[in-house]
Amino acid sequence: MSILEAKQLTISYGADPIIENLNLTIPKGEITVLIGSNGCGKSTLLRTLARLLKSNSGTVLLDGEEIAKLPTKEISRRMSILPQGPTAPEGLTVNQLVRQGRYPHQTWLKQWSREDERMVELALASTHLTELADRPVDALSGGQRQRAWIAMTLAQGTETLLLDEPTTYLDMTHQIDILDLLFELNEREGRTIVMVLHDLNLACRYAHHIVAVHNKSIYAEGKPEDIITRDLVRNVFQMECDIAVDPLFGTPTCIPHGRGRKLHETQQRYTQMA
Amino acid sequence: MRKMLTYRNKKDTVSIQVERKSVMVIAVCVLLFLVAGVVGTSLGSDFISPLDVLRTIFGLNAGEHDFVVLTLRLPRVLLSLLVGAALGMSGALLQGIIRNPLASPDVIGITGGAAVAAVGFVTLLGGAVSIKLLPLFAVMGAMVTAFIIYILAWKKGVSPIRLVLIGIGVSVITGAGTTFMLILSPFYTASQAYIWLTGSIYGATWTDIRTILPVIIIVLPLAMWFGRSLNAQEFGDDLATGLGVTVQWHRSALLLCSVLLAGIAVSVAGTIGFVGLIAPHIARKLVGRMFGSLLLVSGFVGALLVCTADLIARTAFLPLDIPAGVFTAGIGAPFFLYLLFKNRNHY
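Same order as they appear, the protein sequences are chains H and X. Quick note: the first sequence, position 84, residue 521 per our numbering, numbers continuous. Quick note: the second sequence, position 216, residue 222 per our numbering, numbers continuous.
Simulated from the structure, these hints should not be mistaken for lab results. We put the CB at the ideal spot given by N, CA and C, even for glycine. Please note: incorrect hints may appear among the correct ones.
Stated by the list, open to error - In silico negatives: residues of chain X with every beta carbon more than 12 Å from chain H:
id, residue
1, Met-10
2, Ser-21
3, Gly-69
4, His-71
5, Ile-157
6, Trp-160
7, Val-253
8, Pro-325
9, Gly-336
Unchecked claim - Non-contacting residues of chain X with respect to chain H, defined by C-beta distances greater than 10 Å in every case (computed):
id, residue
10, Val-20
11, Ile-22
12, Asn-67
13, Glu-70
14, Leu-130
15, Leu-140
16, Met-296
As the list claims (entries may be wrong) - Which stretches of chain H does chain X cover? Using the computed rule of at least three CB atoms under 8 Å from a CB of chain X, they are:
id, segment
17, 479-490
18, 533-542
19, 654-664
Only chain X is shown next, with the shape it has when bound in the complex:
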């Protein structure tokens, strides 16, 4: 029997139970999250000791490192953590909805939808409209794409397998659309867009943080609320219905949560690939399948992945600053192949 922590009030009207292991994993995750934030800010072209970083953050250092820490590095580190968290949770939700470990926002075209909208915004409206509207366009792109996939997959309700197959098709189309727009655009814009497409947190600002943080804060409780049914949904639609889950309603609400998270992440950091795929797998190894802890840990793992990737990307090849997406793809693509290989008998 796994060790459980249980709380119940006397009348039995309030109760909660979590695995002790999950609580410990989450505690370690929070700790690592904080450590990554501080250490990530210390490292760079010149080293600032973690203590100095903390002193600067809390305003005790008389402005000595203010520019490097507060303007250059901290927003970048924070953004990498938040983007990773959003992608990790988006992937966990999607894998839960689709009941397939190969699903992730990039595989089924949601990220692609955000990218095509963002590149379209840069190439077609470049200069005409404030660049501040790019996140809005990217999220809209993700939502419109998800909506199209959903409608095309609809046949008396949406079955997970239809969702995946149509998603992969749509993903290819958005890729083609993105390439097409890159070819049409002038050289300078194209190279800008290209860096963005590979996924880079280069040039992160506090505005980016103010864009993504509220979305995470709003979506997370919603995802936790609806996510409670995901363990029942894993048994298939019939059993889930038998257990009292309004399957179609829950599925569309959770899909919306996943799309919002993926879309907002892409809008501030470009398409950082495969994090949404890998993070939930690592999380499942750590805490198992129970959805509440799985969602949180997927978020933390995603955060740490992107933060590490970006740290390597900006320190390993100094003075070059390489897009973090190169590294996540470098780990992610082989991992995806491994999953395909491992699951070859299931499909």
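The shape of chain H in the complex, shown without the other chains:
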């Protein structure tokens, strides 16, 4: 059974719809990645699933209940969202940041329960931030900072986790670091993860389920190995490419045509080695 669904969704800023009559079912306990060209509406779609944007028509269902009719605090106990490029106030420590993740579970009487404390410790541990807990967030490296934000959403203790471009602005090492972390969370705890990614190859490697957004709707969805083809890349990204098999993971890898230096001899040497 799925826990997050969109039905007949239409979203527009102003007069022109960005998403029109879109239907989507997020598979439970899997990693779903939304891909598409810049401005295709994949972020808009994710933000609507997270109730940060209101759709003009259609509904989003969380555990079969209409999201627009659920109290926002109730939603935040089941689903967390990490928007693009979050910024922490100056001087806030990692620990203080992660503690805020417990907000939906707290009341005036219950401000800091044992459960709150346990969840924060767990979130810090699984993001490898326990040592850095007392550092100010703005003194951390980009990758560590993003881990701190993910720790905050983990402390929320939700079954579903939505992330809007969690790897943007990070160098390759930290991109892999963040995606590995999310992959482990999914493997170990079976959390449902939905994210927007720009890098098609990383998307193919980590996603169980890919949703290609194009022309106000879904162009194709399914396992990367089933749906990522030259035609898909040509139609969705307007780019010519070859699809190869990733030598390490066996997942589809897109090699763009375009221009660049050609080292024929070297290429042949690689082929011989392979």
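Fit chain X to the supplied structure of chain H, relying on the hints for placement.
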């Protein structure tokens, strides 16, 4: 790890945690608040020892200093403390809502709205209606101004930056309105209004205290209640919503609290500038960003600032009695410039 004080019951249904440092700061604040109350009452054109002040307050002094202490000085000192507390808390709320350290009720025009309503009341209705209604007009002025700013800033919800920009514009308009009414009014009324505008606690009475105290007592718990979400709101609207904060509802409730506090302070003491700006900054240095303690300490710091300013204003240039607002502006304006300078790369 910061040292924390935690209380939890066995079932884990009731729990609270505060930083030990915050508790200590608040305790020191309470102490200073009391000391300021007593010492402030002792000092003046003739000195009355703190002991005598206490004895008079508790009715043990057979009426010797009753007039000076109970009628002249005590209400003035108390009023300066309460006005400062209201302004400090109003500023802390506003800086939290707007997520900008430069925000304060005077910068975004709320105080100006209260002032224009009060000056309008003095010049246009002067004599025709009981002066006792002035606080009501001032608070209404603050609320109407805040409402106008809010409506103008509304575009599918209110964003902090729109609120600030429109607030600054409205603030200039209220300033113009105030000046206009001062020019229209007869000389005597104008000079009266002018002293009031600079912010003076001169002539404080128990009636003023009875006006401002109930508002603080009602607004404070509300502000604490809604303020719990301010730390989440600091992350921006999207993350706050993600954490389960009904952002627009909380923002308007907290804005109302801030406006009520600023409006009532202006109504009894005129526009004492910059306290709402400085107090939260000092408080943040003392207790950090966690909102509950920040709000309380901002109130205490504001109280001590205005009390000190008024003490200097009425003792340093005897027999002259200078408006306390001159001193808060004297410290506040350079501080505002310093903040602008420090934040020049952020905006």
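Outcome of the hint check:
At the 12 Å boundary, the C-beta of X/Met-10 falls inside the reach of chain H, the nearest C-beta of that chain being 8 Å off. Its beta-carbon lying about 5 Å from the closest one in chain H, X/Ser-21 breaks the requirement of being farther than 12 Å from that chain. Against the 12 Å criterion, X/Gly-69 stays outside the reach of chain H, whose nearest CB is about 47 Å from its own CB. Residue placement check: X/His-71 keeps its beta carbon more than 12 Å from all beta carbons of chain H (closest about 44 Å).
With a cut of 12 Å on Cβ distances, X/Ile-157 stays outside the contact zone with chain H, its closest approach being about 21 Å. No Cβ of chain H approaches the Cβ of X/Trp-160 within 12 Å, the least distance being about 16 Å, so the stated non-interface status holds. A beta-carbon of chain H comes within 12 Å of the beta-carbon of X/Val-253; the shortest separation is about 9 Å. For X/Pro-325, the requirement that its beta carbon stay farther than 12 Å from each beta carbon of chain H is met, with the minimum near 47 Å.
Non-interface status of X/Gly-336 relative to chain H is upheld: no Cβ of that chain comes within 12 Å, the nearest being about 28 Å off. With a cut of 10 Å on Cβ distances, X/Val-20 falls inside the contact zone with chain H, its closest approach being about 5 Å. Look at X/Ile-22: its CB is around 5 Å from the nearest CB on chain H, not clear of 10 Å, so calling it non-interface is violated. A cut-off of 10 Å between C-beta atoms confirms that X/Asn-67 is not in contact with chain H; the least separation is 44 Å.
Chain H leaves X/Glu-70 outside its interface by the beta-carbon criterion, the shortest separation being 48 Å against a cut-off of 10 Å. A cut-off of 10 Å between C-beta atoms confirms that X/Leu-130 is not in contact with chain H; the least separation is 44 Å. Under the 10 Å C-beta cut-off, the non-interface status given to X/Leu-140 relative to chain H holds; the minimum distance is some 36 Å. Its closest Cβ contact with chain H, about 7 Å, brings X/Met-296 to no more than 10 Å, contrary to its assignment away from the interface.
For the segment 479-490 of chain H, the stated coverage by chain X holds: 4 residues have a C-beta nearer than 8 Å to a C-beta of that chain, and at least 3 were required. Given a C-beta distance limit of less than 8 Å, the hint that chain X covers the segment 533-542 of chain H holds, as 5 residues qualify and 3 suffice. Judged by the Cβ-Cβ criterion of 8 Å, the segment 654-664 of chain H is not covered by chain X as claimed, because only 0 of its residues qualify and three are needed.
When held up to the earlier numbered hints, the structure conflicts with 1, 2, 7, 10, 11, 16, 19 and fits the remainder.
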